[in-house]
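Colleague: Below are the chains, spelled out letter by letter.
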Amino acid sequence: MIKKEKNYQEFLGIALVLMSIWSTTLFAQFSLNLNFYKFFNMTYLLIYFFTFNNYKYFSFFSMFILGLITDSISGIPFGASSLVYMTIYKIAVFQKTIKLRTYFFAEWIALGIALFSAYTVILIVLYLSGTSFEPLVYVYNLIASFILYPFIWFALKFILIRLGDRKLND
Amino acid sequence: MNAKNSWFEKNNLRVFLLSTIACLFIYLDNFNQKYFKNTKAVINDAVAHSSYVITWPIKEALNVPGYVMHIVSLNKENEQIRILQEKTKKLISDNKFLRQENQKAQRFIQEEKIYEDETIPAKVILRVNTITASSMTINKGAGDGMKIGNPVVKNNNLIGQVEEVNYKSSRIKLLSDINSNIPVVIGELLTQAIFSGDPSSKTKFSIRYLPENFRLKSGDRIYTSEIDKILKKGILVGTVSDVKYDESTKKQKYSINFNYKLHQTDYVSVFIN
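Sequences listed follow chains L and G, in order. Counting with the numbering used here, you get residues 1274 to 1443 for the letters of the first sequence. Counting with the numbering used here, you get residues 67 to 339 for the letters of the second sequence.
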């Protein structure tokens, strides 16, 4: 019974990433001008956070599939997001294995490297495929995503600790 | 060499294999390879329709406050309609008004007639607005006669072009997409220009390649032109408004009015010829 509950909580990570992918269509439902994704990329942050915190269902293969779903929805070259998600995943796994103790600043800096690598990959793919893009928008997006991470980290840790408490109380 | 650190370790091989497949996908997608195109069409169909089904309850739940507000405002609207009706009755008695309205109606009917029998209606199943693309997915595909480049209209206004055709769905590249470039003619002199998507600007659009001394006027209508038969000519794109000329930068500032609200667009018409 306890094992089953744990699985449900671990499913939360992948569910949130999927929701962040679909949220691009949900925001567009209300206003095509109201585009949060112009300012930051929630999917990148969630993938990094849940991989770093060793969540179940986060693997190279799941990153590959999630990337294909993203590409299919947004219409960018197939495989581009898969490469990006796998890059973020690899850096998060690497950072997780080399860390000696929980140290948020190191985690945050590694995220900066992961985001920089991710945006570099996506821009190279867009350039090679002849798709027009606005480089400045990507720079803003990178900076905003990086700045936003501590808030996302705090919110998710808070929620996950609360969920953990409830499970213990049950 | 220790097997654990070997390049042929299972995990490293998996990383290499998946990265290679991703790169191969990008390569095949760019070169429009036939078999890959078919596979991609099937994946796109599956993702588009399943995304529609999964997000539908959330969209409806998020719309609930809007429905409530709508019901609350119904009484107010009723009163406004009643006042409007009275005003209309008074205006009907005015012969001049009738003539003008008649002319307007005739113009409208003629515009509508252009599009008769050439379009098919389609339901919008997904709207996407990210930094990489601004698009819509509709529920008509290759089997319904969709082809890449087909113009898509709403209320007789062009909203975009078909960018990708799958079996049971198609993606529309909206006018606001950075990769959208539509040949147009503007105003009474039918001046040629390119109507482009510009996500970095406030208006989301820009009119490029206008003649050097050309000044836009409020009320100028923008229609599609038929340069190299890229697009059907004569489809209304929008109307220019709020034109301001900045003497210091020698640039024109303007807005474009459209006859639709894109985020409230549930159905569109697609030219199939």
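Warning: the hint list may mix true and false statements.
[Unchecked claim] Straight-line Cα separation of at most 20 Å, EDC-like style, residue types lysine to aspartate or glutamate; simulated pairs:
1) G:K283 - G:D308
2) G:K270 - G:E292
3) G:K268 - L:E1407
4) G:K270 - L:E1407
5) L:K1363 - G:E75
To be clear, the hints were calculated from the coordinates, so they are not data collected in a lab.
Colleague: Work down the list of hints and note, for each, if the structure agrees.
Modeller: Hint check results:
| no. | hint | in the structure |
| --- | --- | --- |
| 1 | G:K283 - G:D308 | 8 Å, holds |
| 2 | G:K270 - G:E292 | 23 Å, violated |
| 3 | G:K268 - L:E1407 | 14 Å, holds |
| 4 | G:K270 - L:E1407 | 13 Å, holds |
| 5 | L:K1363 - G:E75 | 16 Å, holds |
Checked against the numbered hints listed earlier, the structure breaks hint 2 alone; every other hint is satisfied.
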